[in-house]
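So for the sequence shown, this note's numbering puts the first residue at 1; every next one is plus one.
If you're looking for bench data, these hints aren't it; they were derived computationally from the structure.
Glycine included, every Cβ here is placed at the ideal spot set by N, Cα and C.
One or more of the hints may lead you astray.
As the list claims (entries may be wrong) - Derived DEER-like restraints, expressed as beta-carbon distance ranges:
| id | residue 1 | residue 2 | range |
| --- | --- | --- | --- |
| 1 | T6 | S210 | 15 to 25 angstroms |
| 2 | A85 | N204 | 42 to 52 angstroms |
| 3 | L71 | P217 | 15 to 25 angstroms |
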Amino acid sequence: MSDDDTVRRYYVDDELVPADEASIPVTDRGFLYGDAAFETLRAYGGGVFHWEAHADRLAETCDVLGMDHGLSDDDLRARIDETLAANGLEEAYVRLSITRGSQPGRLTPAEDVDPRVVVIVEPLPRGGRNSDPVWDGPATVQTVRTRRIPDRAVPARAKTHNYLNGILARVELRVTGADEALMLDSDGYVTEGATSNLFFVADNALCTPSLDGPVLPGITRRVVLDLARQEGIPIRERRFTPDDVRDADEAFLTNSTWELRPIETVDGISVGDGPVTKLLSRLYDDYVERRYYEESRDEGIASE
1 MSDDDTVRRY
11 YVDDELVPAD
21 EASIPVTDRG
31 FLYGDAAFET
41 LRAYGGGVFH
51 WEAHADRLAE
61 TCDVLGMDHG
71 LSDDDLRARI
81 DETLAANGLE
91 EAYVRLSITR
101 GSQPGRLTPA
111 EDVDPRVVVI
121 VEPLPRGGRN
131 SDPVWDGPAT
141 VQTVRTRRIP
151 DRAVPARAKT
161 HNYLNGILAR
171 VELRVTGADE
181 ALMLDSDGYV
191 TEGATSNLFF
201 VADNALCTPS
211 LDGPVLPGIT
221 RRVVLDLARQ
231 EGIPIRERRF
241 TPDDVRDADE
251 AFLTNSTWEL
261 RPIETVDGIS
271 VGDGPVTKLL
281 SRLYDDYVER
291 RYYEESRDEG
301 IASE
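Kindly generate the complete structure, drawing on both the sequences and the hints.
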């Protein structure tokens, strides 16, 4: 059966259901208030990329929300594996969501939680060496007026269903047709994209906004920094201005689905990829190949 003929199945409330029948009650707090936590993950060869890091970040989001859902990491991972298996997918986009459940008619959440878990999966190309990227080409990036929410308001490390900040940034792109928004903090310093972390190369160093600002601690971001350190590439993590990015020698974006996506232009100014971007992209592909394809053949699917 071809993928086009496959009925996609999603995991909702302890049940695998056809995607076009998957639903939650309108009283769910994730729908009413964005009161829910989520992680976007990628599966390679049936293994979930850095599951433990994603699980830790999900737990931190739930801690920020004060949501004690009572589910173990092993339980959540089992639900992901079950959903992948039900769809016959080893290469996939995975979105795991946990809401506080239905608590209608009140903004203040109840302490007792009846969590609702949803797992959505969609096919992606094989990763690793000689893989095809999921993006159409290098990204065009545009600085937007919408600012990142200060950490004192909503901590950037909390990945919640309330994504209005990023949505407003993406709406601004309708004018220029750019692929990704470059978002600034309240002081005008660069933070990240609407759904991605930012890297650029200047003075032979790999630069990325510090996590001291309202910047998501991306899992792919962490892996890229580790790979750069192993290669002895100088790293600068601090506050940067939009001009720093526009004047860069090369630049790229990262997230779990895109992996590393080169940046073609920033605010209409040509940047493009370069030797560091190409090197790190190759090293990332090699890392995925070793961890999720070569090792899985000999030792079973990697635990992360």
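Comparing the hints with the structure gives:
no., hint, in the structure
1, T6 <-> S210: 15 to 25 angstroms, "43 angstroms, violated"
2, A85 <-> N204: 42 to 52 angstroms, "46 angstroms, holds"
3, L71 <-> P217: 15 to 25 angstroms, "22 angstroms, holds"
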